Structure formats: C-alpha cells, structure tokens
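Colleague: Chains as they are written, first to last, in my numbering: chain A, 7 to 289; chain B, 520 to 1086.
None of these hints come from the bench; they were simulated from the model. Note that the structure is predicted; figures quoted are calculated from it, not measured. Among these hints, one or two may not hold up.
Unchecked claim - Facing chain A, according to a computed beta carbon distance under 10 Å, are these residues of chain B, among others:
#1 P697
#2 G698
#3 A702
#4 M708
#5 R725
#6 T924
#7 R925
#8 L941
#9 R1030
Backbone N, C-alpha and C define an ideal beta-carbon position, used for all residues, glycine too.
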Amino acid sequence: MTTVADYGTYETAWCPGCGNHAILGAMKEALASSGLAPHQVLFISGIGQAAKAPHYLNANLFNGLHGRALPAATGAKLANPALKVIVESGDGCTYGEGGNHFLAAVRRNIGLTVIVHDNQVYGLTKGQASPTSDEGFVTKAQPEGVHAEPFNPVETAVALKANFVARGFSGMPEHLTGLIRQALAAPGFALIDVLQPCVSFNKVNTFAWYRQRVRELPAGHDPTDWAGALAVAVRWGEEIPIGVIYRGSRPAFEERVPALAAGPLIGREVDRERLAAIVDHLK
Amino acid sequence: MRDSRQILIGGEAGQGLVTVGQLLSKCLVRAGWRIVVTQGYQSRVRGGHNSWAIRFGSGEIAAPVEPVDLLVALDQESVERHRGELAPGALLIADESLDPLGLPGLRVPFAKLASAKHANVAALGVAGTLLGLAEELLAGAVEELFGKKGTDTTAENRRALAEAYRWTLSTNTSFQLPGQPLAAAPRIMVNGNESLALGALSGGLRFLSFYPMTPSTSIALTVIEHATAMGVVTEQAEDEIAVVNMAIGASFAGAPAMVVTSGGGFALMAEGLSLAAMTETPLVVVLGQRPGPATGLPTRTGQEDLEFALHAGHGEFARALLAPGSPEDCFAIARKAFFLAELFQGPVLVLTDQFLADSYRAVEPFEVRELPAVRAGFAGEVTVPYRRYAAAEDGVSPRLLPGQTRHLVIADSDEHTEDGHLTEDLEVRNRMVAKRLAKLEGLRWEVIQPRLDGPAGAELLLVCWGSSGAAVAEAAAELRERGTTAAALHFTQVWPLDPGQFLGALRAAKRVVFVEGNATGQFERLIRRETGFEAGGNVRRFDGLPITPGYILRALAAAGITQGVSR
Chain A
7 MTTVADYGTY ETAWCPGCGN HAILGAMKEA LASSGLAPHQ VLFISGIGQA
57 AKAPHYLNAN LFNGLHGRAL PAATGAKLAN PALKVIVESG DGCTYGEGGN
107 HFLAAVRRNI GLTVIVHDNQ VYGLTKGQAS PTSDEGFVTK AQPEGVHAEP
157 FNPVETAVAL KANFVARGFS GMPEHLTGLI RQALAAPGFA LIDVLQPCVS
207 FNKVNTFAWY RQRVRELPAG HDPTDWAGAL AVAVRWGEEI PIGVIYRGSR
257 PAFEERVPAL AAGPLIGREV DRERLAAIVD HLK
Chain B
520 MRDSRQILIG GEAGQGLVTV GQLLSKCLVR AGWRIVVTQG YQSRVRGGHN
570 SWAIRFGSGE IAAPVEPVDL LVALDQESVE RHRGELAPGA LLIADESLDP
620 LGLPGLRVPF AKLASAKHAN VAALGVAGTL LGLAEELLAG AVEELFGKKG
670 TDTTAENRRA LAEAYRWTLS TNTSFQLPGQ PLAAAPRIMV NGNESLALGA
720 LSGGLRFLSF YPMTPSTSIA LTVIEHATAM GVVTEQAEDE IAVVNMAIGA
770 SFAGAPAMVV TSGGGFALMA EGLSLAAMTE TPLVVVLGQR PGPATGLPTR
820 TGQEDLEFAL HAGHGEFARA LLAPGSPEDC FAIARKAFFL AELFQGPVLV
870 LTDQFLADSY RAVEPFEVRE LPAVRAGFAG EVTVPYRRYA AAEDGVSPRL
920 LPGQTRHLVI ADSDEHTEDG HLTEDLEVRN RMVAKRLAKL EGLRWEVIQP
970 RLDGPAGAEL LLVCWGSSGA AVAEAAAELR ERGTTAAALH FTQVWPLDPG
1020 QFLGALRAAK RVVFVEGNAT GQFERLIRRE TGFEAGGNVR RFDGLPITPG
1070 YILRALAAAG ITQGVSR
C-alpha cells in the first residue's frame, strides 16, 4: 500500500510562502490516495519554477525543455501507455512557449494528467508577463501594462473538448487534492489549471486576491454538459469558478492507435517474417 | 562510359508521369536490368516541368548521368528542355501534335491508340516495345497498379497497351539496348527513402514522428504503410519541435525512435538534439538535404547541411553523422544508426538528399530474417540505489526504462547529478561533461571505413561523401580508361572521423580533389580542420541537380586538372 511517505520529502528551491508548496503537497496526497506507486508514475516537466516540482518527490521523471513537456509526454505515453504520465509545469511553459503543443495535445485527447501552476507571471526569469497575465498588468518588461487579452486555458481546453478540465487553487489544498485524484482517474487529456500566487513577482494576484474571487462550482453544475461548461469556463474576474468544469467522453488517443492494441511498444521483437514479406513485395 | 542507356520521361505535374516512370522502371527491373532513377520535380501539384529519368544497363551502374537516349515527351516543353541532353542516335517519342524540332523518333497518334485518360499507358506501351519489354510484363505491372479500380479500367489499359505495341511494331523502329539483361534473379525496386524505412524497421524502430517535408516525407509514408503490421507508432506532429521532443519522450520510455526531416525542419529540432545528448536518450534523425538557405530549392538536391548537422544544438556533445551513398547503404546505415544511438545513448544523424531519397534502383532483396534489432534499455543488474547517470569510464551508464523495474529513472535537461536531479555543483558539472564527451571515443571505434575505389597512390584521388559516391567512382573509372590513374575515396560516415583510416590514402595520392554538393567545400574544410590536410582542388555543385560523372569530368577539365576529358 502506497503512502505519502513513499513520495518522500525534499528541500525545495522555492520562495517561502510560494503557492507551489501546497501544490506539491496535494500532488503527493493525490498520488498516494490513488494507490499509485512511485515507479508506476512518470512525470514530464518543462522549465520554470513549477517545472522543478517533480524533483521534490519520488517518481520517474523526464525534466525536458521549456515549453516542450507535452510532446515529450505524448511520446512517452505512446511508447508505454501502462505508465501514468503526469505533466507538471507553469503557465509560461505550457501556454506560452508550448502553446501550439497545448492545442495539439488537447485535440489528440492523449492520456496525460496535466497540472499547470498558473501564477500569471514569469517567476524564474524574474517577473515578466505571462500568457495568462491580466490586461494592464505592469511589469518591468511591460511598463505600460500588458496589451494582450489573457489566454484562458480552461476555456480553450473545454472548447477543444479535452476529456477533463478543472481549475484549482493552491490556497485550497484539500480541494486541489480531490481534483488531482479525479484527473488521475480520468481517461484522455486531463487539465487542472491551478491558481498559484507568486509572492515575489506578482503583487496583484495575491492569495487574498484569489481568495476573494474563487467560487466552488455549485453541486448542480453538470460537467458533462459541454455548452454549460463552456459558459462557466469563460468566467474570469470578480468571480473565478473552481472545480471540475468539464468532463468529456472522447476516446483517448492511445486507444485509437492500432499498433498499441497488442500492448506497449517496449520489449517487442521485430517480426522478421512479416518484414521479409514486405521486402519480397517490392520485387 | 559504362554500357547503359537512359530514358527520360518529361511532362507537367498531373500528367501521370510518375506512374509511367514507376511502371517502366519496375518492368525494366523485372526484365533483369539494373536501373538508376533520377527524379526532377517542381514544388507544385499541377503544371510546371517534371522529369523521370531511368538509366539502365546490366553492369554495375549506380550513378545518375545526363545523356538521354530515349526521350518520352508528354508535352512540348519536354522536347524543348531536353533536346540538348540527347546522345547521338537518340530517339524522341512524342504525340503527333507536338513539334519534334527535327529530332528523329516516333510521332505517335496517341488519340487513335487510346482515350486521353489512357494516353500515358499507351506511351508506356510505345516505350516498352522499343525497349524490348514483353507486352505481358507491362500488362502485369499495369494491372497490379490499376487492378483494384475495376475491370473496365483494366480492360481499357490492356487495349491501350495492345494498340501501342501493334502500332510501334508497325513502324519498324529499333532502339539499341545496352547489351543483354541479367539473368532474372529477382531484385527489388526501392529508392533511398524506402530503404531507410526498411532498415529502420529491421533495426528495431518503434516510434516515428514527423512533419511533412520534402524530400523526407516518403520515409514516414513507407513506415506508416507498414506501421500496424510491424507494431510501430507514427504521429504527424504539430511542428518539428514537437516531432523531436515526442521522439525523445518515446525513446526515454523505451521505444527506439526516429524523426525524418529536411534542413528547415531540422533547424527547429536543434534544441531537441541538444536535449537528447544532455538526457542521454537514443535518437535517430534523418536529414534529407535540399538546397538552402531558408526554403531554397525545395524539391532539388544538395549536400549543404554537413556543417549544420555537425554543429546543430547548443553546448558540446558527442554525435555521429552517417551519409549513405546508395539504397543498399541506406538500409545498412539506418540499422547502424539505431545501434549507435542505443549503444551510446544519444543522437545519431543520417544525412541523405533529394537525389538519393527519390532514386529507385534494382537491389538484391534485403535479407532481414537473420538480422538483429536493438533492444532499448539495459537488462542486467544495476547497483542500488539506481543512478541513471552513474559514472562510467566510457560515458555509458546502465539505462533502465521507467516503469519496467521498481527503480526510478530520472533525467534532466539541466546539468544533473548521477541520480538525475538538477545541480549547480561545478565539480559535478565537470565530471558530467567529461562523461558525456567520453562517448566520442567509443563512437570512433565504430566508424565506417571510407571506401577506396581504384588504385592506392593514384595520380588523382577524388574524395566525396554521401550520395555522390557512385558518380565519383564512375568518373574515376572513366579517367582510368583514358589513361589517368585515378581513384575515388567515398565516406559514408562524416563524423566522427578516424584519420588512421584515410590519411594515408590522401597523402599517397599525387593530387586530391574534393567533390561535393555545396558551394563552400564543407567536407574539405572538415578534413583540413581534423587532419591539416590541404586539398589540391575541388569540384562543387550547388545548382540543385545531382553530381554526375559528366559534371565531374567537365569540371576537372575546366580546372585544368585533367585534359580533354569531357562527356
């Protein structure tokens, strides 16, 4: 039986009070309570403060390039669908540098659990705007404030029919643990955008700012109603809904690949007789 | 000149020229001829001018040549463009409505022989008759291709062929064949790209990601055709950055992986290449070269990306660069690439080009039943706790696959400790750099010996790499026939180099001339950098066409290196 202790405790490189700490804790709780052993789990992360998170627990890990966690995770999942593949990175990495991969991965509905630490700012590079920064957000790099419309990842994921779309808040770790546990159990692409205050570089979207605005979805919300989910997903501002916003039922990408019907790719022998027949056919 | 003839079929894209070319090539191969196909096409789906040239003979031909002995012109432009390439005694096959510009040959009443839809099959029939191919042979090939379309089409095609045979025989025209075909030992007809795909499948390929790009797309298409049967996952990714990262992720998880691209796509993969090296993940990259910079001449050939492939990716790391010269090489080198990538846990690049990619040949069937394939990962005992990047003298640490044991596998693109976690400990940094670069020494042990064709210590040694090997060897052979002792030295691996394998040959020759498909002499410069050897001249081609024996001989004569040898 797996316990939180199996996932270990490590010193981190994060600021005291950072929203990342609670997300790490929630992740370990969710993994342990899902009965997943560390060796059954593969984390794929990019670059950024959030992308360091999987270094602070026990599991397999491929910490790749900035923005490129999703394609690497897609390849790993297709090579071995038996692995529980979790992508963990920040908003800049996932929605900015990796924006095209985000759209493609959602469209494929590849079986990944994607946890995005969304603090609406670049932390590791010390405080520039991110794709989710609100319009008018002032930084040293955007002294007149951000001129672009913020990217709403939840809206986009619902619009493109990811199988599981949720928003969490690192100030509500128990709620977040529940979301992660549900995402881990969902087939296909599962996104949790986690509101995560950056105590060093975002003085606007603070714990207090989020706490005033987050609203748990009412019990009556039907996540399987796509149009209703989309109406919830577009909400942002004075009230920010959190919880499971959408649940779809598209088949996971890996279930549709004929070569995987016989199980994972690894360890298979080359079918030499078949290949000889292919060569013979070229005569 | 080696005894061979060349047929060139010219026309617009969309006229069925590739179909005619493929069918005629296939029939020549089945009749026992060796072939070398050179395809020229433009970056458009309809119109423009395309050509399919088939050199055939029964000798060891492997190089593209310019002279045309039989021109099958499907439009007027083909007559005009190719009349200058005709060899003495060449014949033209063209519709009677076209102006033959005084060229001898057959003015064919295609409208009377077949409906417009089947005119290309009639053209095939006319050419086939002149080439002495049995009508049944052509009919069989046509039926294989169109058979599924229904009996009406089949019957129409049969009728067009029969009419074409009857009409051509009635003209009493003869075409001189290059000797007798070989005994009909069954050969396969494959091009460079198909051979690469087959070599990769036999080498253990399990995952292929790609983004369509000429001239490499058909490697992916060949793998896709057999993916379900062979248990390979393929994915057309959103861009080449995704392509390379997907392949790295798949390889990390245990599926031997390959990506196929050309220069522009490879440029997008550069960061991923560096990632494969840093995380020590096996990766095979096929770079089908075409002329640049930027989009360049997208459907033409060149050898311009050697230095790019050698230096692509930030930071310093070990890699191998292989450069096949023929479809047979493509098969063997694709296999070798998988073994090197797995053995040394890093990137291996295969440099091919448009000419080789599209060049069909008659090849002895690849014997795949006895060949071993790579197995990803390490099956032995590991020390506990497992450390993915444990110190190893040869730089190669035991590579476990995630989820296959209870040990945790941790890889990082940051500098990392032996257990895979990021570090800024500079002592560790130094040890890790040394560990990764130690692989270069191992790669040197595995270098493919360059092939010397001709006498050692020749008056003239022509040095080349990749797809130009056969053209250079043929040029050297022709020079020998004309009294110059000439030899060719052909590299199918261009990095790392083992000077012990070739420096003696370079020094023994009286004059060494580098022949390559770029404007600046990239391989010549690489050899100089690595050995200090100074070339005694060069032949360079960068107009997008393949290097031919004739091009080499003309360039050597023009440079005053050889006298009076031209073709």
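Colleague: Run through the hints listed earlier and report the numbers of any the structure violates, in increasing order.
Modeller: 1, 2, 3, 9
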